[in-house]
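Here are the chains, one letter per residue:
2 protein chains.
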Amino acid sequence: MYVILVYDVNQKRVGKMLKLCRKYLNWIQNSVFEGEITEVKLKELIMRADKIIKDEEDSIILFKSRDEKWLDKEIIGKEKNPLDFII
Amino acid sequence: MYVILVYDVNQKRVGKMLKLCRKYLNWIQNSVFEGEITEVKLKELIMRADKIIKDEEDSIILFKSRDEKWLDKEIIGKEKNPLDFII
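Residue numbers (the numbering used here), protein chains in the order written: chain G, 440 to 526; chain P, 440 to 526.
It should be emphasised that the hints constitute simulated quantities derived from the structure, not laboratory data. Treat the hints with care, since some could be wrong.
Treat identical chains as interchangeable: a pair holds within one or across any two.
Said to hold, decoys possible - Derived DSSO-like pairs (lysine-lysine); straight-line CA-CA distance at most 30 Å:
1) 512 to 455
2) 490 to 451
3) 517 to 490
4) 503 to 480
Work out the full structure: start from the sequences and follow the hints.
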């Protein structure tokens, strides 16, 4: 399964979320990840993310597609993330 | 066409980008938008966004699908955006 994951979490929890998501998906922008993942691994990721976020403040949006081929991706502006070095 | 748009722009330009994107798409998270849009309108949006962003600093990612049905959306945590009032 192909997923796009976008999170909007409080600054205090950004580091943890970033580290977690990078274990499962590819980092493509500040708070955006994408990649192929199995149902089982995705459930594991959601479970672990759920422990990091505060439901009243943070949110995660997941877009799931059976196949990446249904989606075209276009990037406007810079491609690389300059925050890479802080991890 | 169904699109997901995510931007990562400098704080100085966030207001302008937000205002622009809201004219064309539905705002679903801090810097995430989605919606049905025609090819023509999307080109217009990209052209206008291109004038706002600085290519060396900012980026916009577009995921395009011919049909929303190829994507499932799941939201974890809060659904509403508390920043709504600053617009």
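Between residue 490 and residue 451, at a C-alpha cutoff of 30 Å, which is it: within one copy, between copies, both, or neither?
-> Classified as within; 14 Å inside a copy, 33 Å across copies.
30 Å Cα cut-off: does residue 512 pair with residue 455 within a copy, between copies, both or neither?
-> Classified as both: same-chain Cα gap 27 Å, cross-chain 23 Å, threshold 30 Å.
Homo-oligomer pair classification [residue 480, residue 503; C-alpha up to 30 Å] = both (13 Å within a copy, 25 Å between copies)
For the identical chains here, do residue 517 and residue 490 meet the 30 Å Cα criterion within one copy, between copies, both, or neither?
-> between (32 Å within a copy, 14 Å between copies)
The structure fails none of the hints (numbered hints given earlier).
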